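Asks: Following the hints, put chain B in place on chain A, whose structure we already have.
Going line by line, the protein sequences match chains A and B. One gets the numbering used here by counting positions in the first sequence from 1 and adding 142 to each. One gets the numbering used here by counting positions in the second sequence from 1 and adding 2 to each.
The set of hints was computed from the structure by calculation and includes no laboratory data. The hints are all genuine.
Derived DSS-like pairs (lysine-lysine); straight-line CA-CA distance at most 25 Å:
id	chain 1	residue 1	chain 2	residue 2
1	A	151	A	212
2	A	151	B	103
3	B	103	A	199
4	A	199	A	212
5	A	151	A	213
6	B	83	B	103
On a predicted model such as this, the values are computed, not experimentally measured, just so you know.
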Amino acid sequence: NAGVTQTPKFRVLKTGQSMTLLCAQDMNHEYMYWYRQDPGMGLRLIHYSVGEGTTAKGEVPDGYNVSRLKKQNFLLGLESAAPSQTSVYFCASSYRGDTEAFFGQGTRLTVV
Amino acid sequence: GQSLEQPSEVTAVEGAIVQINCTYQTSGFYGLSWYQQHDGGAPTFLSYNALDGLEETGRFSSFLSRSDSYGYLLLQELQMKDSASYFCAVNQAGTALIFGKGTTLSVSS
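Just chain A, same shape as in the assembly (with noise of 0.2 Å):
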């Protein structure tokens, strides 16, 4: 059992490229989300589904886009990288609101 697979673990951008992460999860949850970390910030929401087909904004979704066009896949997408989105994204899913979220591995970004 794979549980919360992030694609890719480490990328580096230039300033202005486009990209697109990957999360995909095995365990048949409704809902997924997107979070980013850095340094004493703690984990900021970026955007989250509760279903397959909808997508809503968290904390933090500017610069961001998402979508969910499978249950099993939530996508989020850069359009144009700046530096101030340099940090450690991890997804994470859950059969509920309420319930255990499992968190991927985190992908490391850079944006030069």
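Replies: Below, chain B alone, put in the same frame as chain A:
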């Protein structure tokens, strides 16, 4: 809006007991969770409180007071491996999971 406050750092020695407090302000509160994270790895779930009172899981316990918008994580018989970051998180309106900034626990021998 929502906010969670927890201490940034806590230190303790092996075998001791430590309490990490969390106060929160949020609309549509459903429950309070606690997560552990080692060295920037994937956070892992520790506990969830939806009702007032104490929940015990082995050496870890978690408490919630909804009327005080307050909870805490209690770690007993501390071990070196408990050195990690601990996050409280609120489940908002049954959907979004919002985290605090985390508390770094350092356990020394």
